[in-house]
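S.K.: Listed below are the residues making up each chain.
There are 2 protein chains.
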Amino acid sequence: MQIAVLGTGLMGAPMGANLLKAGFDLTVWNRSTAKAQPLAAQGATVADTAADAVAGKDVVITMLSDGPTVLALVDQIAPALRQGALWIDMSSTRPEEARAQAARLSPLGVAHLDAPVSGGTKGAESGSLAIMVGGKAETFATATPVFEAMGRPTHVGPSGTGQLSKLCNQAIVAVTIGAVAEAMFLAESGGADPAALRAALQGGFADSTILQQHGARMTTGDFNPGGLSKFQLKDLDNVLNEARAHDLTLPVTQHIRDRFAYFVEDMAGGELDHSGLYLELKRQNGL
Amino acid sequence: MQIAVLGTGLMGAPMGANLLKAGFDLTVWNRSTAKAQPLAAQGATVADTAADAVAGKDVVITMLSDGPTVLALVDQIAPALRQGALWIDMSSTRPEEARAQAARLSPLGVAHLDAPVSGGTKGAESGSLAIMVGGKAETFATATPVFEAMGRPTHVGPSGTGQLSKLCNQAIVAVTIGAVAEAMFLAESGGADPAALRAALQGGFADSTILQQHGARMTTGDFNPGGLSKFQLKDLDNVLNEARAHDLTLPVTQHIRDRFAYFVEDMAGGELDHSGLYLELKRQNGL
Numbered sequence: 001m002q003i004a005v006l007g008t009g010l011m012g013a014p015m016g017a018n019l020l021k022a023g024f025d026l027t028v029w030n031r032s033t034a035k036a037q038p039l040a041a042q043g044a045t046v047a048d049t050a051a052d053a054v055a056g057k058d059v060v061i062t063m064l065s066d067g068p069t070v071l072a073l074v075d076q077i078a079p080a081l082r083q084g085a086l087w088i089d090m091s092s093t094r095p096e097e098a099r100a101q102a103a104r105l106s107p108l109g110v111a112h113l114d115a116p117v118s119g120g121t122k123g124a125e126s127g128s129l130a131i132m133v134g135g136k137a138e139t140f141a142t143a144t145p146v147f148e149a150m151g152r153p154t155h156v157g158p159s160g161t162g163q164l165s166k167l168c169n170q171a172i173v174a175v176t177i178g179a180v181a182e183a184m185f186l187a188e189s190g191g192a193d194p195a196a197l198r199a200a201l202q203g204g205f206a207d208s209t210i211l212q213q214h215g216a217r218m219t220t221g222d223f224n225p226g227g228l229s230k231f232q233l234k235d236l237d238n239v240l241n242e243a244r245a246h247d248l249t250l251p252v253t254q255h256i257r258d259r260f261a262y263f264v265e266d267m268a269g270g271e272l273d274h275s276g277l278y279l280e281l282k283r284q285n286g287l
Numbered sequence: 001m002q003i004a005v006l007g008t009g010l011m012g013a014p015m016g017a018n019l020l021k022a023g024f025d026l027t028v029w030n031r032s033t034a035k036a037q038p039l040a041a042q043g044a045t046v047a048d049t050a051a052d053a054v055a056g057k058d059v060v061i062t063m064l065s066d067g068p069t070v071l072a073l074v075d076q077i078a079p080a081l082r083q084g085a086l087w088i089d090m091s092s093t094r095p096e097e098a099r100a101q102a103a104r105l106s107p108l109g110v111a112h113l114d115a116p117v118s119g120g121t122k123g124a125e126s127g128s129l130a131i132m133v134g135g136k137a138e139t140f141a142t143a144t145p146v147f148e149a150m151g152r153p154t155h156v157g158p159s160g161t162g163q164l165s166k167l168c169n170q171a172i173v174a175v176t177i178g179a180v181a182e183a184m185f186l187a188e189s190g191g192a193d194p195a196a197l198r199a200a201l202q203g204g205f206a207d208s209t210i211l212q213q214h215g216a217r218m219t220t221g222d223f224n225p226g227g228l229s230k231f232q233l234k235d236l237d238n239v240l241n242e243a244r245a246h247d248l249t250l251p252v253t254q255h256i257r258d259r260f261a262y263f264v265e266d267m268a269g270g271e272l273d274h275s276g277l278y279l280e281l282k283r284q285n286g287l
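Respectively, the protein sequence lines represent chains A and B. With the working numbering applied, the first sequence closes on residue 287, and no number is skipped along the way. With the working numbering applied, the second sequence closes on residue 287, and no number is skipped along the way.
Hints should not be assumed to be uniformly reliable.
Said to hold, decoys possible - No farther apart than 20 Å at their CA atoms in a straight line, the calculated lysine to any residue pairs in the SDA-like style are these:
| id | chain 1 | residue 1 | chain 2 | residue 2 |
| --- | --- | --- | --- | --- |
| 1 | A | Lys21 | A | Asp58 |
| 2 | B | Lys136 | A | Asp193 |
| 3 | B | Lys35 | B | Lys122 |
| 4 | A | Lys282 | B | Lys122 |
| 5 | B | Lys282 | A | Asn241 |
| 6 | B | Lys122 | B | Glu148 |
Claimed, not checked - Covered stretches of chain A (in silico footprint by chain B; criterion: 3 or more residues with CB under 8 Å from a CB of chain B, positions within the stretch not fixed):
| id | region |
| --- | --- |
| 7 | 44 to 57 |
| 8 | 186 to 200 |
No wet-lab data here; the hints were simulated from the structure. Here the structure is a predicted model, which means the values were calculated and not measured. No residue lacks a Cβ here, since even glycine has one placed at the ideal position from N, Cα and C.
Isolated chain A, as found in the complex:
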C-alpha cells in the first residue's frame, strides 16, 4: 500500500516513522522541506510538492495545523488524486470542516475519514495514539492496518464524529483541570500534603491522569507546557460552537471556557500549560 503523509511536524514526523517501520511505502511532503528530510534517511521519498506526493497513492494522510489549511490543500491537489484513493485527515478540525472535506472528495471517487488523535508527541513516537475515526464503517475497515501502525483506532460514527469525539475529549480534560485545581487548592489551604492526597486518591473514583500529572504541576508551580492554555481556549470555543450548532447549552464547559479566556486574555497565561488555570483560581481568591 502506497501512502503519502502531508505535514511532517512534531506529530506527523513520528507517525510517518511508524508507518515506515510497519513496512508501508511512504512519500512525504512538508511546507518547509527541512522537516521532511529526516524521514528520507528512514526510507521515505520526499516530494517537492503536495500534488507530486499524492499522485497515484492509495492513501493520503494529512497532519496539519487546522481545518482551513486542510481544506485549502484538498482544493489545491484534488486533481492529482486517483479515483479509489482514501484521504485520512488526522489533524484536529471542526466537525463541519471534516464533512466539507468528505463532500469535496466524494465526487472525485475519493473516500474520506476524519481521524484526530490524542496522546501527544509521546503517543506519536511510541505508536500508541488514541485515534478517533469518523466516516463509513467499510472505509474504516480498509484503513485499520494503516491506523494500527500509529496507535489504537476506534470507529465512532459517520463523517465528522471523529472530530466531535476529539472535542468531547478536550471538554472533559479542561473541566477536569478545573476540578483538580479546586481540590488541590482546598487541600493545601487546609493543611493536607497534596502529594500524599494524590497518592491516596490513586485508583479511586476521583483519580485521573489529570489529577496525577497536572495536579503535581499545580503544587510545584511548574506551568511550562505541555498543552498550551491558548489552544485549550480555542478547543473550548470549538466545543461550544459545535454545541450551539446543535442548539445545546453546556454550562460547566461554558464556565471553564470563560475562566480560560480570562487566564489567556487578562492574565497573559496563553503560553503556559493549561494546568495554569490554578493561577486563575488563586487570582479569583485574591492570591
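With chain A held as given, fit chain B onto it using these hints.
M.R.: Here is chain B on its own, set in the frame of chain A:
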C-alpha cells in the same frame, strides 16, 4: 491487638470481617444488634453496649452515619476507654468534627486518627479501600497493620486532613460527572456512538472511572444507585462549608453544587444515582 468496631452496617460489617481474617481479636457493637450477629459466626464477640465493646481495647474503630453521631458516642463512652487506646474514626465527617473528636479524647490519653474511605461496599468487601488518614505520623505508624487489613492507607497530614481529603475526592467526582454528562450529551447529539467514544478515550487524558461507569449509565438511562444524588449534594455542601472556613471561593464546585441542588430539590432526583445530573443537563436543554 484487641479491636472494637462500632457500627457494622454496609461498610462496617465487611471491614470487620477483614479484620477477623487478618487475625485481630474483634469485638463489635451496632445500634441494632441484628446487623452485628453475622460477624459472631466469623469469630467476633458481640457486645450489648458500646461501652462494653470498647472497655480495655487497644483500638476503637467507628464507622457511623455522620460526624454528630460519632461525637455523641465519644462523649457517651469516653469513660470506658483505657489510657493509651487509639480511636480511629472511619466515618465521613466534616474536618472540624474530626478535630473536635481528637480534642475531646486527648485529655483522656486516647490518641485519634480520622480515616475516611473511598471504594464503597465492593472495596470494603475485597479489602481494597482507599483510606485517607489525618493525625500524628507516629500514631499512623502504629495503626498501619490495622488499616492494611482493610485497604490501602495514606497519611495525608494532621488531624482533620483525612476528612478534608475525602471532601476533595467528592468535589472531583461531582465535577467530573458534570463534565462527562456534557461530553456524552454533545457526542450523542452529534451522532457519535457513545460506547465507541468511551472506548476511544480509554487510557487517554480524558479517561476516568466516571467516564467509563457513569458515562455508560447516562447513555443507557440507568440511574439506580450507586451513589445517591442527595448524598452528593450533602458532600458538596460540606466541601463549600470547608472552603468558606478558609475564605476560599471554588467556582466550578459551587456551580455543580447548585445544579445538584436543582436536581435533588426541583426534579426529585435525590434517590437517583449522581450520574443522574445528566437528566438535569437535558432539562436545562428543554428535554
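S.K.: Check each numbered hint from earlier against the structure, then list the numbers of those it violates in ascending order.
M.R.: 4 and 7
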